[in-house]
Structures are given as structure tokens and as C-alpha cells.
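Model the full assembly from the supplied sequences, consistent with the hints where possible.
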Amino acid sequence: MAFFTMEHNNSNKKVGRPAKNRKKNPIELEGGTKLSKHGVTMHCSACGSSTHNKRTCHKYPDKRNMPNPEEELEEYDDPSILEKIMPARLNNELDPSENADTMVFNLLRHENIARSAMQPRVR
Numbered sequence: 590m591a592f593f594t595m596e597h598n599n600s601n602k603k604v605g606r607p608a609k610n611r612k613k614n615p616i617e618l619e620g621g622t623k624l625s626k627h628g629v630t631m632h633c634s635a636c637g638s639s640t641h642n643k644r645t646c647h648k649y650p651d652k653r654n655m656p657n658p659e660e661e662l663e664e665y666d667d668p669s670i671l672e673k674i675m676p677a678r679l680n681n682e683l684d685p686s687e688n689a690d691t692m693v694f695n696l697l698r699h700e701n702i703a704r705s706a707m708q709p710r711v712r
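FYI, in my numbering the residues of the sequence shown are 590 to 712.
One thing to keep in mind: the hints can contain errors.
[Unchecked claim] In the DSBU-like style, the derived pairs of lysine-lysine whose C-alpha atoms are separated by at most 30 Å in a straight line are:
1) 612 <-> 623
2) 602 <-> 612
3) 626 <-> 648
4) 603 <-> 613
5) 626 <-> 613
6) 623 <-> 613
7) 623 <-> 609
8) 626 <-> 643
9) 626 <-> 609
10) 602 <-> 613
It is worth saying that the hints were derived from the structure and are not from the lab.
See below:
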């Protein structure tokens, strides 16, 4: 009942880790000479001067010593600033926080009740 003939595979499994790079053909091995960097002077990438690099350039101050903008934030208690941000409303009927039939009004009312319940009572 031999319908098929078994042919042996002549390739052997290699031992060890597979090669990372492919094996190049002898035609591909044509390479030029490598150039050394002997005699090349380093230049600053910011200003182009050959006396320093970008890390020590005078055009770019050291950012490690600069304060963070988050630390410089100051709170102002001046109400005129808030008036410029939130001007007085001209028509209170259109404001949902002023109309008793709106969900916004009810949410604000419940929030105020919860805040007053959490605050300690002074006697």
C-alpha cells in the first residue's frame, strides 16, 4: 500500500540562536573604505560655533535652573479680574441657575445643602 515515496529532507536544523542578519551573497560584500572622524571639529548645533556644543551654548539657557511655570502661579483676590471673566448676566430668566424649574438650579441647591451640612457649626 505504498502510494507515496518518502523523500528525506537533507537540510539539518542548526543548533543555537538563529542569526540576526541575513547572510549576504559574495556580490553584496563589495564595500567601500570607512572614513574616520579624525580631524573633524565638533560644532554647536544652535549657533554653529566650534568652541562649544549646544549644551554649553549661551543662546540656550540651562533649563534645569529655570523655575517651572506651575510654581509661579499666583492667586489674586482682586474681584475685578473675575468680573472680566464672568460679566454680569443681563437676562436672569435665561440663566438655568436662576430658574427654579431647571435641573441646574436643583443641583446647585442640593450642593449648597450638602456643603452647609458638612461645615461645623459655630456657637
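- Query: Taking 30 Å as the top limit, are the C-alpha atoms of residue 602 and residue 613 close enough?
  - Reply: Between residue 602 and residue 613 the Cα gap is close to 20 Å, so the pair holds against 30 Å.
- Task: Assess, step by step, whether the Cα of residue 602 is no farther than 30 Å from the Cα of residue 612, and give holds or violated.
- Result: holds, 16 Å
- Message: Check the hint pairing residue 626 with residue 643 against an upper bound of 30 Å on the C-alpha distance.
- Response: Distance ~20 Å between residue 626 and residue 643 Cα, so the pair holds.
- When you check the alpha-carbon spacing of residue 626 and residue 613, does it fall within 30 Å? holds, 28 Å
- CA of residue 623 to CA of residue 609, is that 30 Å or under? Holds, at roughly 23 Å.
- Message: For residue 612 and residue 623, compute the direct alpha-carbon distance and say whether it is at most 30 Å.
- Response: holds, 21 Å
- Query: Under the criterion that the straight-line Cα-Cα distance not exceed 30 Å, is the pair residue 626, residue 648 satisfied?
  - Reply: Judged against 30 Å, a Cα distance of about 27 Å means the pair holds.
- Query: Does residue 613 lie within 30 Å of residue 603 when you go C-alpha to C-alpha?
  - Reply: holds, 18 Å
- Query: Given the hint that residue 626 pairs with residue 609, does the C-alpha gap stay at or below 30 Å?
  - Reply: Roughly 28 Å separates the two Cα atoms, so the pair holds.
- Query: Is residue 623 close enough to residue 613, meaning Cα to Cα at most 30 Å?
  - Reply: holds, 19 Å
The structure fails none of the hints (numbered hints given earlier).
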